[in-house]
Amino acid sequence: MLAYFLKRSLDALLVMFGVSIVVFLMIRLIPGDAVEIMLGANTEITPERLEALRSKLGLNEPLPVQYWHWLTGALRGNLGQSVWTGTPVTQEILQRLPLTLELTLLSLLIGLVLAIPVGILTAYWRNSGAEYLIRILSITGVTLPSFWLGTLFIFLAFKLAPTWPTLGYVPFGENPGGHLLRMILPVLTLTLPLLAGLSRLLRSSLLDILNQDFIRTARAKGLSERIVIYKHTLRNALIPLVTVVGIQVGYLFGGAIVVEQVFALPGMGRLIVGAINERNYPLVQGSILLVTTVFVLINLLVDLIYARLDPRVEYA
Amino acid sequence: MILRRSLKPILYNPLGLLGLILSLLVVGAALFGPPLSPFEPAKQDILTRLSGPSPSHWLGTDQFGRDLFSRILYGFCSSLEVAFVSVGLALVIGAPLGILAAYSGGWPDRIILRVMDVLLAFPIILLAIGIVALLGPSQWNAALAIGIVYVPIFVRLTRGPALVLRTSDYIQAAQALGAGAGRVVFRHILPNLASVILVQTTLALSTAILVESSLAFLGLGTQPPNPSLGQMLAEGRSYLTLSPWTSLFAGLAILVASLGFNLLGDVLRDTLDPRLQGR
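Quick note, the sequences are listed as chains L and S, same order. This note's numbering puts the first residue of the first sequence at 2, with every later residue one more than the last. This note's numbering puts the first residue of the second sequence at -5, with every later residue one more than the last.
One should not assume that every hint holds.
[What the hints assert, rightly or not] Derived coverage of chain L by chain S (criterion: at least 3 residues anywhere in the stretch with Cβ under 8 Å from a Cβ of chain S; other residues may be distant):
hint, region
1, 112 to 125
2, 132 to 146
3, 243 to 255
4, 284 to 293
No wet-lab data here; the hints were simulated from the structure. Remember, predicted model here, so these are calculated numbers, not experimental data. Don't be surprised by glycine CBs; every beta carbon is placed ideally from N, CA and C.
Go ahead and model the full structure; you've got the sequences and the hints to work with.
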């Protein structure tokens, strides 16, 4: 187990090294002069201003030296400063990240919890007519554009409950009730497609396992259907669900970026899109680096949990 | 021959048939819609702005009085352009890379896999947003971004089966008969991967349509005044309480396009991989 843990961690470290190079090169690969584009988007271009911004971003040194400065800075939590406000990028991100994480994790949790009963119920329901219905519902769920779903929810809330605050954000500390009330629709928007995907996966793995010999044995020796389903089938069927959690977090995070835009929530999505529009490249870079780091860590964690859950995983 | 083999089961499966019909409708709308559309997509008629469906404007009009039906036809066109170009790009780069990795083994294999691991480490939309950010928002940059993001899918898809095929008897026989690497790859390995590639391409088209419209929704895809479904939905949101039609129909169009390809790919996967029947 320790060997597996070390190997997997080393892999993640290597991937992060690659990610850091990609993110570092982003600003350098911009066609044309990145500094000119950044300046041009906001003020008049003068040679002095160009030079000042260039040296502020450390673009005058050789590439490897730039990378070394940038990387050592990033490891100490210094991702540079926003071009216009001069605020440290790390600080801006840390203000916005919690909301996006809250959206992602709440949706993941609710999606997982609901997927289990839905998966079990639909696995029970097996005849050709129902088969088609379940399949078309789950595929429709997966292909629902989140920004459309969110917009429909806002419209429905406006028609049915005009006093419901659908847009905007209240910090949890100031008004816990108002905060949660505003989170319901965004979370629901993110959860539905996830639920469709997860419950379909669970259903198919349940059906696979129900056909196995050990289930027949369990029934033959007179165990109740309840015990067969919950102790023998469900526990095994949950394993594939764990493996996709890591991937789903990535999808959810991407979804959250879009859904924040729909519900006017000040999370990472608004930050990144805003930063792109004002050509604030250090902020774009820092956001992508930090979010991807979180994503890689979550995937690492999921892999380690999976190795503990499923004794068949090789630890070598 | 793969088309003939896969077409028949699709026609006999209600969902496959539905997927096929929806996909053909959407592709037809994209191909023939623009010349047949009843109005110019950019033609404004301020007097009929924000009207609902009517005999003259089948789906209603937007905030400038532009005909929604015509704009959606053009929107299908630009969405599908991006989807086909990006998935085509990912396929053309990814599949040879995957086969190359499997066929050569050793360090090329390891390097290709490592690079793909790095690309896969980014959340899809985030990487696409990052690429668009550096290239500047436009329809073709969105296509390029989605294409790059999708490359690892095809590398992984082809590498596994190619690895198995490489050591199979008939490939070894071909090699023993003196077939070079090119002949082995193109004549013997690639045709055997056609079915997995076909399934994945169809499914990738479905998700590419969603990613494209997300980018357009965020203002990072096709730029106005060119119509695009995601951007129409975003614009319609400002007038949601006055007239929900723009957002409603634009989103429905995205759903239909994505759903059609997804159903098709899903049923194709069943018919081409009998082990997955009915799941």
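**Message:** Tell me whether the statement that chain S covers the region 243 to 255 of chain L is true, taking a Cβ distance below 8 Å and needing three residues at minimum.
**Reply:** holds (count 4)
**Asked** For the region 132 to 146 of chain L, does the count of residues with a C-beta closer than 8 Å to a C-beta of chain S reach 3?
**Response** holds (count 10)
**Prompt:** Are at least 3 residues of the region 284 to 293 of chain L within less than 8 Å of chain S when you compare beta carbons?
**Reply:** holds (count 4)
**Verdict on chain S covering the region 112 to 125 of chain L, criterion of 3 CB contacts below 8 Å** = violated (count 0)
Checked against the numbered hints listed earlier, the structure breaks hint 1 alone; every other hint is satisfied.
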